[in-house]
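Whole structure, please, built from the sequences with the hints as guidance.
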Amino acid sequence: MSGETKFAFRTENLVKTYGQGDGQVDALRGVNVEIPAKEFVVLLGPSGSGKSTLLNILGGLDKPTSGKVYFNDIEVSAMKDKAMTKYRRHNVGFIFQQYNLLPSLTALENVELVTEIAKQPLPAKQALEMVGLTDRMNHFPSQMSGGELQRVAIARAIAKQPSVLFCDEPTGALDSQTGRTILNILQDINENLGTSIIIVTHAVATAAMADRVINFADGNIVDIRTNAHKAKADEIEW
Amino acid sequence: MSSLDRKLFRDLRRMKWQAIAIGLVMALGVMVLVMMDGLVVSLEETKKSYYEDYKLADIFAPTQAAQSQVLVELAKIDGVENVQGRVRGSILIDMPNSKTGVLAQALSLPNQGKAQINDVFLSAGRMIAPDVANEILLLNSFADAHNIKVGEAITAIIGGQKQQFNVVGVAQAPEFLFAAMPGELLPDDTRFAVIWMQQRYLEDITGLAGKFNEAIFLLDDDADTTNILTKIDDILDPHGGYGAYGVEDLVSNRFISEEIKGAKASAQALPPLFLGIAAFLIFIVISRIIQAERQQIGLLKAFGYSSAEIGRHYLKFIIIIALGGAILGSVAGVYGGLELAGVYQIYYKFPFLEFRVDYQAIFIGNLVSVVAATIGGSYILKNIFKLNPAVAMHAATPPDFSKSIRFGSWAKRLFNQPSRMIIRTLLRHPIRALGAMIAIASGMSLSVAMISLMASFDKSIEMSFEVIDRSDAMVNFVQPMPIDVVAELSKIAGIELVEPFRAVPAILQNGQLTHKSLISGLVAAPELNRAVNVEFEAIPIVETGIILASALAEKLQVGVGDDLTLKIRSGARPTLNIKVAAITETLVGSPVYMRLASLNKILDQGELISGVYIKMDKSQQAAIYDELKSTPYILAVSITADAKAAFKKIMDTGAGAVRYVMAIIAFVITFGIVFNSAKIAFAEGGRDLACLRSIGYTKGEAAYVLLGELAIVTLVSLPIGCVLGYYLSFATATAFSTDLYKIPAEVNFESFFLASLAVVVATIVSGWLVKRNIDKIDLVSVLKSE
Numbered sequence: 001m002s003g004e005t006k007f008a009f010r011t012e013n014l015v016k017t018y019g020q021g022d023g024q025v026d027a028l029r030g031v032n033v034e035i036p037a038k039e040f041v042v043l044l045g046p047s048g049s050g051k052s053t054l055l056n057i058l059g060g061l062d063k064p065t066s067g068k069v070y071f072n073d074i075e076v077s078a079m080k081d082k083a084m085t086k087y088r089r090h091n092v093g094f095i096f097q098q099y100n101l102l103p104s105l106t107a108l109e110n111v112e113l114v115t116e117i118a119k120q121p122l123p124a125k126q127a128l129e130m131v132g133l134t135d136r137m138n139h140f141p142s143q144m145s146g147g148e149l150q151r152v153a154i155a156r157a158i159a160k161q162p163s164v165l166f167c168d169e170p171t172g173a174l175d176s177q178t179g180r181t182i183l184n185i186l187q188d189i190n191e192n193l194g195t196s197i198i199i200v201t202h203a204v205a206t207a208a209m210a211d212r213v214i215n216f217a218d219g220n221i222v223d224i225r226t227n228a229h230k231a232k233a234d235e236i237e238w
Numbered sequence: 001m002s003s004l005d006r007k008l009f010r011d012l013r014r015m016k017w018q019a020i021a022i023g024l025v026m027a028l029g030v031m032v033l034v035m036m037d038g039l040v041v042s043l044e045e046t047k048k049s050y051y052e053d054y055k056l057a058d059i060f061a062p063t064q065a066a067q068s069q070v071l072v073e074l075a076k077i078d079g080v081e082n083v084q085g086r087v088r089g090s091i092l093i094d095m096p097n098s099k100t101g102v103l104a105q106a107l108s109l110p111n112q113g114k115a116q117i118n119d120v121f122l123s124a125g126r127m128i129a130p131d132v133a134n135e136i137l138l139l140n141s142f143a144d145a146h147n148i149k150v151g152e153a154i155t156a157i158i159g160g161q162k163q164q165f166n167v168v169g170v171a172q173a174p175e176f177l178f179a180a181m182p183g184e185l186l187p188d189d190t191r192f193a194v195i196w197m198q199q200r201y202l203e204d205i206t207g208l209a210g211k212f213n214e215a216i217f218l219l220d221d222d223a224d225t226t227n228i229l230t231k232i233d234d235i236l237d238p239h240g241g242y243g244a245y246g247v248e249d250l251v252s253n254r255f256i257s258e259e260i261k262g263a264k265a266s267a268q269a270l271p272p273l274f275l276g277i278a279a280f281l282i283f284i285v286i287s288r289i290i291q292a293e294r295q296q297i298g299l300l301k302a303f304g305y306s307s308a309e310i311g312r313h314y315l316k317f318i319i320i321i322a323l324g325g326a327i328l329g330s331v332a333g334v335y336g337g338l339e340l341a342g343v344y345q346i347y348y349k350f351p352f353l354e355f356r357v358d359y360q361a362i363f364i365g366n367l368v369s370v371v372a373a374t375i376g377g378s379y380i381l382k383n384i385f386k387l388n389p390a391v392a393m394h395a396a397t398p399p400d401f402s403k404s405i406r407f408g409s410w411a412k413r414l415f416n417q418p419s420r421m422i423i424r425t426l427l428r429h430p431i432r433a434l435g436a437m438i439a440i441a442s443g444m445s446l447s448v449a450m451i452s453l454m455a456s457f458d459k460s461i462e463m464s465f466e467v468i469d470r471s472d473a474m475v476n477f478v479q480p481m482p483i484d485v486v487a488e489l490s491k492i493a494g495i496e497l498v499e500p501f502r503a504v505p506a507i508l509q510n511g512q513l514t515h516k517s518l519i520s521g522l523v524a525a526p527e528l529n530r531a532v533n534v535e536f537e538a539i540p541i542v543e544t545g546i547i548l549a550s551a552l553a554e555k556l557q558v559g560v561g562d563d564l565t566l567k568i569r570s571g572a573r574p575t576l577n578i579k580v581a582a583i584t585e586t587l588v589g590s591p592v593y594m595r596l597a598s599l600n601k602i603l604d605q606g607e608l609i610s611g612v613y614i615k616m617d618k619s620q621q622a623a624i625y626d627e628l629k630s631t632p633y634i635l636a637v638s639i640t641a642d643a644k645a646a647f648k649k650i651m652d653t654g655a656g657a658v659r660y661v662m663a664i665i666a667f668v669i670t671f672g673i674v675f676n677s678a679k680i681a682f683a684e685g686g687r688d689l690a691c692l693r694s695i696g697y698t699k700g701e702a703a704y705v706l707l708g709e710l711a712i713v714t715l716v717s718l719p720i721g722c723v724l725g726y727y728l729s730f731a732t733a734t735a736f737s738t739d740l741y742k743i744p745a746e747v748n749f750e751s752f753f754l755a756s757l758a759v760v761v762a763t764i765v766s767g768w769l770v771k772r773n774i775d776k777i778d779l780v781s782v783l784k785s786e
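Line order of the protein sequences matches chains A and B. Counting from 1, position 136 in the first sequence corresponds to residue 136 in the numbering used here; the numbering is continuous, with no gaps. Counting from 1, position 140 in the second sequence corresponds to residue 140 in the numbering used here; the numbering is continuous, with no gaps.
Calculated from the structure, these hints are not laboratory results. It cannot be assumed that every hint is accurate.
[Stated by the list, open to error] Result set (EDC-like, lysine to aspartate or glutamate): computed pairs, CA atoms no more than 16 angstroms apart in a straight line:
#1 LYS80/A / ASP775/B
#2 LYS63/A / ASP778/B
#3 LYS699/B / ASP81/A
#4 LYS86/A / GLU701/B
#5 LYS776/B / ASP62/A
#6 LYS629/B / ASP78/B
#7 LYS230/A / ASP188/A
#8 LYS232/A / ASP218/A
#9 LYS776/B / ASP218/A
#10 LYS63/A / ASP775/B
The model shown is predicted, which means the values in this text are computed figures rather than measured ones.
As structure tokens, then:
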């Protein structure tokens, strides 16, 4: 890699605590991390280790108790609510384990929900094409399988052409075959659109796909490693 | 405490505001029921005790004059328990602050001992001492209105001479609960005076030494009143009997009975309405709350809790809210009833109040609350229990919108995605949306009806005093005068129009149905006191036949063209048959009109009049009243503006006051309904909102989806509320009308506007409250929750 590395995210002493007194939980205990742009990053770690909390803070869904988060050198942690909304609207996409589609909108309309407000969106149909759902785009969520729902969620997330895609256990509710399809799509997006992808997962095998694997334990990073060779999603053993 | 009970209390705490809102709506429904029923029961009991304790006569028999020996004969009538003769006269009191003086009724009390019939309640001072000529008791309300204290003196004009009387006590009596001037139907404390004095002195003043001009009777419990009335009339006829009448025709009693009847009618009509709407709301809200608990129910079933156990758990939850509200409402209702009864006590001049709590109303109110809530809850629980736990728990299955409408390309241009969400959500749950609309519309209709009622009261006053009675004053003569005085009075400077009338007591009879009334003889086309039709257009006083008020025509069951027997109770007391020529619409009283000339012809006493209506130049009224006051043949002058003010006071303080209370309650109920709808919509749509926020929608844009739904529901409710309110207004106007006055249904733009405004304001406030919840959504926890 030549020249200066461009970082998508940089954090300084990121602390997040929930509750007070005896009930206080330290979810993040001073996390310092730099995540280069356009990488496929996997956050690993046991439940409660803080990986999801970091993801939520990076994505602007949550705020740190103290410490700083920079996105392309802009301090996300200092943003007021309006700026935060804009940040989510234009820069980041989310994919959840529970899909979180709006049941009252069709697949296409769920994607259009984003294209209507984004600055330079992909055409909604093109986004659905990328996840291989053109034939199901006029179906409502209730008429689709879990894998299809997650593909709609991905299409919705990438339609705004975000710089980063956050995925919180994207395959957690899916069978292995469908899970692999989803990971395939994510890898495609990373490679072809240059979108950074940050995935939180329990599935250790997913790590083989990553440029960078960040291991969490007890509210902090225990190690970061980079893969010399990235596996294809199809090669992963579950 | 079991885990489920702990969950119960935590759930209640979590939903405390919503629980409170639901409880309060229910409380208001129950409160109206308990309050109104308590009020009515208390008024009836108080009236009954007052009448019994102070021995109000069962029959009154006025005559011109009869020797006291006649009483012996009257006492022999079968069923008469006691009979007394008393003297009733009119005395003009010279009040320094009255333009016209006040015509007081003077009543005799026995020379010795307490009155055995029609006793008085002494509220201050002492009873009259025997053998002291100028001691009197004065009616409490009049003394209060003029600030006359015990120990002061009043001046009366008797036979043109001023005479002083010492007020040794102020008193009230069951026969004067409602104090209205003779010939007027509405009470006015400042102008209605009663003086009690010893019989022998009143005999002297009235020239009735050794005689009486009113016999009063107490009857045995099982007495045949109709038969006794006939016998009394037969005995008193030779002595100039005016016709005996039962206590039910006593003006005061009629008025108060009608007022209580009116309160009773509203107590029967309004509370079920309020309670019904509150119950409906509970049903809707509870069913939606339970629906939202679906996953938890699945979870509990998965743990091995039986449907019965879970059902009991949720029913407890429901019943705590419903019963909490109902109990609060019962307590508030009892206190409200007590307060309101206090207002009525003063208004009706009861010396004491027997407040009764209506336990039946409390029971019904609580029962309705619990049943409505239980039905709402059970209905939904039943559907949830049918599902197996895995399905019930699995919220990830998105609600099915596949049958929802598709938007064509034109619609896509018209509606953005959030708007489509609103439309689809409404259309997917049409019953639920309709339920919310009907609930809001019902609440609003209550407001429309209550505001309309206020307008109706105003309309009633306007019609009575600007359309029917347009005079400035009514002048009553001491005795009928030749019609020539009209010309004489017209000459007084400032008097613009003088219109004569003759008032004659008579009994109208159609078979078994009779009515005692004053017949007003009027000129052919009156300008000042007019008969009007349903459209409030003046109708002419025809030469032959009689014109009856619609309420009276109904009472006597006669229509235009039917024959009536007319027994005149004055002069030669002729009896004749007469045709009903027209029916007139009135809002106050039940007048009977005839052409003046025709009435005089029947009486055969010459062209006589009892008084005149006058219209005057207001700038000269002081001089005019002075002149009238000093005219010897004029007994009293009633100023129309005073009557109007008195009427307005009745409307505002009596049963009429209830409408303000009801209007406020209606507004609160409407707000409760709207607020709950907003809250529930938030509870159901929280996840969608969080989802929108995570994608990058602003708080405002996310709120639009939720509040847009509420706005549409509200907007559609407005016209429905107007229509429901329109019909409800007729029902409430009828409920508030009595035999003595009629409240026309007056649904105007103002009531629709105000009620709509109230709903819109309630929506905005509820929206604002819910918007605060939206702003506080914890995105992470909602999005990651199952």
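Hint numbers not upheld by this structure, sorted from lowest to highest: Failing hints, ascending: 6, 8, 9.
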